[in-house]
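Q: Here is what each chain is made of, one letter per residue.
There are 4 protein chains.
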Amino acid sequence: MIIVMRPKTPPEEITKMKQKILDLGCEVHESLGVNYHILGLIGNTSSIDPDTLHANDYVEKVIHVQEPFKKVNRLFHPEDTVISVGDRKIGGDTFAVIAGPCSVESETQIVGIAEAVKKSGAAFLRGGAFKPRSSPYSFQGLREDGLELLKIARTKTGLPIVSELMSTEYLERFVEDVDIIQIGARNMQNFELLKEVGKIQKPVILKRGLSSTIEELLLAAEYILAHGNENVIFCERGIRTFENYTRNTLDLTAVPVIKKLSHLPVIVDPSHAAGLWWLVEPMAKAAMVVGADGVMIEVHNDPANAKCDGQQSIKPEKFQALMDSLRQLAVIQNKII
Amino acid sequence: MIIVMRPKTPPEEITKMKQKILDLGCEVHESLGVNYHILGLIGNTSSIDPDTLHANDYVEKVIHVQEPFKKVNRLFHPEDTVISVGDRKIGGDTFAVIAGPCSVESETQIVGIAEAVKKSGAAFLRGGAFKPRSSPYSFQGLREDGLELLKIARTKTGLPIVSELMSTEYLERFVEDVDIIQIGARNMQNFELLKEVGKIQKPVILKRGLSSTIEELLLAAEYILAHGNENVIFCERGIRTFENYTRNTLDLTAVPVIKKLSHLPVIVDPSHAAGLWWLVEPMAKAAMVVGADGVMIEVHNDPANAKCDGQQSIKPEKFQALMDSLRQLAVIQNKII
Amino acid sequence: MIIVMRPKTPPEEITKMKQKILDLGCEVHESLGVNYHILGLIGNTSSIDPDTLHANDYVEKVIHVQEPFKKVNRLFHPEDTVISVGDRKIGGDTFAVIAGPCSVESETQIVGIAEAVKKSGAAFLRGGAFKPRSSPYSFQGLREDGLELLKIARTKTGLPIVSELMSTEYLERFVEDVDIIQIGARNMQNFELLKEVGKIQKPVILKRGLSSTIEELLLAAEYILAHGNENVIFCERGIRTFENYTRNTLDLTAVPVIKKLSHLPVIVDPSHAAGLWWLVEPMAKAAMVVGADGVMIEVHNDPANAKCDGQQSIKPEKFQALMDSLRQLAVIQNKII
Amino acid sequence: MIIVMRPKTPPEEITKMKQKILDLGCEVHESLGVNYHILGLIGNTSSIDPDTLHANDYVEKVIHVQEPFKKVNRLFHPEDTVISVGDRKIGGDTFAVIAGPCSVESETQIVGIAEAVKKSGAAFLRGGAFKPRSSPYSFQGLREDGLELLKIARTKTGLPIVSELMSTEYLERFVEDVDIIQIGARNMQNFELLKEVGKIQKPVILKRGLSSTIEELLLAAEYILAHGNENVIFCERGIRTFENYTRNTLDLTAVPVIKKLSHLPVIVDPSHAAGLWWLVEPMAKAAMVVGADGVMIEVHNDPANAKCDGQQSIKPEKFQALMDSLRQLAVIQNKII
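Line order of the protein sequences matches chains A, B, C and D.
For the first sequence, counting from 1, position 324 maps to 324 in UniProt numbering; every step adds exactly one.
For the second sequence, counting from 1, position 196 maps to 196 in UniProt numbering; every step adds exactly one.
For the third sequence, counting from 1, position 133 maps to 133 in UniProt numbering; every step adds exactly one.
For the fourth sequence, counting from 1, position 317 maps to 317 in UniProt numbering; every step adds exactly one.
No lab work stands behind these hints: they were computed from the structure.
Accuracy of the hints is not assured; some may be wrong.
Claimed, not checked - So, partial list: chain D residues that the calculated Cβ filter (under 7 Å) puts toward chain A:
#, residue
1, S31
2, I42
3, A304
Said to hold, decoys possible - Below, computed lysine-lysine pairings styled on DSSO-like, alpha-carbon distance capped at 30 Å:
#, chain 1, residue 1, chain 2, residue 2
4, A, K260, D, K18
5, C, K61, B, K16
6, A, K260, A, K199
7, A, K61, A, K71
8, A, K20, D, K71
9, C, K8, C, K315
10, A, K195, B, K16
11, C, K315, D, K61
12, A, K335, A, K318
13, D, K318, A, K8
Stated by the list, open to error - Computed footprint of chain A on chain D; a stretch qualifies when at least three of its residues, placed anywhere within it, have a C-beta under 8 Å from a C-beta of chain A:
#, segment
14, 1 to 9
15, 34 to 41
16, 240 to 249
C-beta: ideal position from N, C-alpha, C; glycine also.
Using the sequences plus the hints, can you model the full thing?
A: Shown next as structure tokens:
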């Protein structure tokens, strides 16, 4: 960490700040520029809050050098983490395809879609039971009944199931029922929820918040790892920008960036990012070639009558075509799909 | 709601869509443009999900006409809502000043600050007991002990207390202990939490999410009102933009906009928005003149040693000067402070 | 175009507005909702400024139905435009690779790089002669001398040259000297410049502005086409967002979106978007699979001593590897590279 | 400037980098952290391009310490700059009100509005002759004829005139005809234009680009000052964000920030920022209390028939009321209006 003192800071204030750094358990390294006086902190700075130092009136800026995350940091864990879910894997050589409807609507619907996506080669079934919706008047999901239907679909197809957890209240139920717990974009910084999923061993898909930087996403995962659960999969799903033709702006560059900064797997959700079904295929292909470890695709047998997100869901035939494209690319990318 | 069909949509698809609208309980109003065929939905469209209609391949776009929020909508509730907290009010002619430290650190600290801000004219004491922090290694608040210390400060000063609730787990405790429950920016779309605070009658300050549109903020409040609690106060606290000199970009224009769209009170938090103590005073004054119903100000007796957000906290003397400025403006704005 | 009148608009104001629409040469289509009164404009609305209608106090909102651009619109020109530059093409089955240094520095440098990228398979040479730089103290390019050096490189390699025009003052010179004129992101809405390049027949690469919506980009191209030049190639080069790990956020979804809305070719500049050399290869590959018609890549023989943008330039060997990757993908994408 | 070398950089690469710094004319200050090796550059770093250093593969990041702007920097010019236009001033104790229509439409219109705003107390007349419009089919201004009409309005009222220059082609004409040259948001980084207005002595209002950081705005002004013209007035006019209720998001916090960083005056344009006439008054008042040196207000006698921006223009009576409000606030703010 580096502290830049304001021009013309009185020497006694420099001395005080140096003492404060020593009190924080770090060594001080001093450097005098033409206008600025710079103090470097040498030592373990990860638990020092830069805002506290910045509160000093004579401090111009405080600059991070060391990344603020540790357990998710590739620097201290160079090899890729591969997460196992039964006999399937996420990370490493595998390209994991998770597919299914935005929300579970009925047994026929979820079982039908599960069978279709399995046939096309999906490795996991997704389906929302508890749905975060902007409006209280929109369909909120079948909740516990939805979980029951997902379990039926799993029994019939053997596909492990992924579903979103929105509250610690249902954590135990999810640990019991689902194979991968999803934390949605809106809850990426629901720290109480992160701490609790940190105490279990179930794999967690952590979706990037709409306005979260990559660093904040890594820090959110750090909450989970710091509490004991190392099975975290990142999911890029679009960020909020001024462009409004698409629902969000898919930040595909985040994939190679996260893979450089962290050892954890990264998947991409092109359906939510784009918000339009005809954009799902090109963006899923792009996810593959930028190095993602998988994709999460919304598939619905009857999008025009889906209870949510129909406009971004693709039909099973379209999903089959998408899988064919992905398989072609997988050969080039040396990925097993 | 208006549906624009794609150019060259086959007539039978138009017929199908018209039937679908009738099935949704609305009348259809048809209009033929040069290239586009337009269908208007007449009736109660508030429970119709536009995404469902958009899922039809022949639909070019779906346009809202009616605002999607109802109970918070000024259209159906023209007069201002004034919220009572004991003998104090938020909304109407009152300009409510809420002041206190980012986090409660000790009895001496919170009581000292409470006495200081009371003396300068603050009407409410704020203090964080449970703290949402980006890093798991930052100070997380004194939690339940913090609530106890806030209660001591209330007893000593008579100031009602405001504190942030981060999880439904502590809801009962907060209903018991605090006077106004704050829902933080990161939890603005934690819908499970919103539903629960909707079931109580305690006033709620709902902070705008970092990347939330004004419409989403109103819909988040709609969750609370729809579940039965009409005591909601909006708080503008900055949105995330590309500008990084300041912590966030304070969207002051949102104040008159929200007051036009909704009958609920709106306050402003300049401390979190700007993230720099020397910006707090001008932005608090601006909040007053754009018509806000109050401000929330971080005050700390020793910012350079504060456990969080020291760089954006002002000292009690500075707070006194700020109150003096606000009082001058209150005369012009016809507000009681 | 659709006009939504405010709730409770007096009938005489509706009548006035209807007359105004007739005066604008359109027919009116009227529709009465529960709270809102809606007026549809039937006819040629492309020259009607929605802001003018919005200025009426009784107007709640004005909604576009028809896209505001015409000549660039695929609706009126369904087949892809293919642009010829000598014997080379941009658009259609071709994937055009444009490569070269950020700025021309010397004859040895530009000729050396030109030979290297030609050997690897680039179809065009790029090189900045006039450089737009945030700071007046940064290197501003060799200007006219840079153009001379580019011409030498063209003579030696046969590669057509692409260079950025920043002012109408040099237009004649550029028409004479370069094969494709580039309009940079910062000048995307320099309308005087757009009008002038609209009067020539030289192909123009139009880069998306940092904060321009896709619609604004298409409208900027509309300026060029409306003045007579139909040889426009769009270039997605990243938009400005809150994420600051990368220089900008590459909006790859914009590629299939633009190709749906317009018949003109679209290329991608991953170098400027990412701003980091190790991100260029994955993002260039992604550009190919989302359907771009080409890429523009910064290549420098000695990035660490480049006069600008060294951190985002790749070395010739790395460029060779990138071309190999692109060729593999081209087979799958049915593109000629 | 501080260079952070990647963990495990070979010692010989550190040595090379140190030599490079010496070659750039700076001293090196070395500091060894736990994982990172840090090199500080001591000396005049303003002409060193950080990107060049970043291009070295072993460099993790390059951090500015010194602000990259010099002539606009308050550090080297502590007292406020006051700009004179005839007998009027912008900056210091004065609060300058510039008012007038978006575009000049006719002699009656511009003279009528000029007389009205003068009567209410405006100090300058604004009026667009050359208009930057997103669509080529929108009204582009009366151009040279517009300048003639502005001059008639000046003769009749004595108000100095402000108008936007879009191209160097008309620079001489503007120097002759107008009192303050406006550079619009879209041309903030039209560096060729900035250099040219840097060669004259006429005051320049430089509007912040829609996606420009404060630092970029200051650097754009630095172009003008570096070429010899020190009469620059900044204008905050809203930045582009995800919020789309308003045209842009007015960043009022930028006002005290710019005034801290620079000695030049800062005005605010609430009309373009908000894009809705009923937001102009509250935001203009807020501009005053955050310390702006003036405002620029769109006033039109008949907004519903204005040729541009009618929805954000206020009528003369409304402008009178706004001036009354500003005068009340001026007393508190110690400003002369």
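Q: For every hint, state whether the structure bears it out.
A: A quick look at each hint next to the structure:
| no. | hint | verdict |
| --- | --- | --- |
| 1 | S31 | holds, 4 Å |
| 2 | I42 | holds, 5 Å |
| 3 | A304 | violated, 27 Å |
| 4 | A/K260 x D/K18 | holds, 27 Å |
| 5 | C/K61 x B/K16 | holds, 29 Å |
| 6 | A/K260 x A/K199 | holds, 26 Å |
| 7 | A/K61 x A/K71 | holds, 27 Å |
| 8 | A/K20 x D/K71 | violated, 35 Å |
| 9 | C/K8 x C/K315 | violated, 67 Å |
| 10 | A/K195 x B/K16 | violated, 49 Å |
| 11 | C/K315 x D/K61 | holds, 20 Å |
| 12 | A/K335 x A/K318 | holds, 22 Å |
| 13 | D/K318 x A/K8 | violated, 48 Å |
| 14 | 1 to 9 | holds (count 3) |
| 15 | 34 to 41 | holds (count 5) |
| 16 | 240 to 249 | holds (count 4) |
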